[in-house]
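Everything in the sequence shown is counted per my numbering, starting at 1 for the first residue and increasing by one.
Simulated from the structure, these hints should not be mistaken for lab results. Even for Gly, the Cβ is constructed at its ideal location relative to N, Cα and C. The reader is advised that the hints may include incorrect statements.
Straight-line distance between alpha carbons at most 27 Å, and here's what the computed DSS-like set of lysine-lysine pairs gives [claimed, not checked]: (1) K6 to K80; (2) K133 to K80; (3) K133 to K90; (4) K32 to K128; (5) K6 to K133; (6) K32 to K73; (7) K90 to K80; (8) K128 to K80; (9) K90 to K73; (10) K90 to K6; (11) K32 to K133; (12) K128 to K6; (13) K73 to K6; (14) K73 to K133; (15) K128 to K90.
Ranges of calculated distance between the beta carbons of each label pair, as one might list FRET restraints [stated by the list, open to error]: (16) A49 to G89: 34 to 40 Å; (17) R111 to K90: 30 to 36 Å; (18) E39 to S87: 31 to 37 Å; (19) E11 to S102: 36 to 42 Å; (20) D61 to S87: 14 to 20 Å; (21) D13 to R110: 34 to 40 Å.
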Amino acid sequence: MITFRKRVEIEADPAEVFRVISDPWRITEFWKGTRQVIEDGDFYRIRFAFPAWGLMSFHPDAERMTVLTSYLKGPVRGSKVDAVLVSSGKTVLQTEWNVRLSFYLRPFERRIASHFESGADHAINRIKESVEKDKK
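With the hints as constraints, model all of the structure from the sequences given.
Quick look at the structure:
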């Protein structure tokens, strides 16, 4: 099981950050582990950076300013929750992962977990840079 949480402070209005993270068509712009997103009814088929496909659901909640991504089929299963928080008057973007790898990937779980954490750090910082750049 891979579980972790990453946060970054963003100098922007929380609603603007939520607008970016709640757009499924921008996933590949920030999350480089996902190469392609294809709408498939109420779900999305996703192509990972390594040669594999998965199925996910994507649920933005504007009231809570969260986005629940559930990985339902494929080599990664579980959830990722992205949340826009306000802490001491500052906007914070948090991503929290709770996923399990397919059996054939489990021998590499420690290395993959480190890779996922690094990728999540890079993704939230790309979101930060994009939102702060658009603000100027």
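Hint check results:
| no. | hint | verdict |
| --- | --- | --- |
| 1 | K6 to K80 | holds, 11 Å |
| 2 | K133 to K80 | holds, 25 Å |
| 3 | K133 to K90 | holds, 17 Å |
| 4 | K32 to K128 | holds, 15 Å |
| 5 | K6 to K133 | holds, 21 Å |
| 6 | K32 to K73 | holds, 19 Å |
| 7 | K90 to K80 | holds, 22 Å |
| 8 | K128 to K80 | holds, 18 Å |
| 9 | K90 to K73 | violated, 36 Å |
| 10 | K90 to K6 | holds, 16 Å |
| 11 | K32 to K133 | holds, 20 Å |
| 12 | K128 to K6 | holds, 13 Å |
| 13 | K73 to K6 | holds, 24 Å |
| 14 | K73 to K133 | violated, 35 Å |
| 15 | K128 to K90 | holds, 13 Å |
| 16 | A49 to G89: 34 to 40 Å | holds, 37 Å |
| 17 | R111 to K90: 30 to 36 Å | holds, 34 Å |
| 18 | E39 to S87: 31 to 37 Å | holds, 34 Å |
| 19 | E11 to S102: 36 to 42 Å | holds, 39 Å |
| 20 | D61 to S87: 14 to 20 Å | holds, 19 Å |
| 21 | D13 to R110: 34 to 40 Å | holds, 38 Å |
Hint violations for this structure: numbers 9, 14, all remaining hints satisfied.
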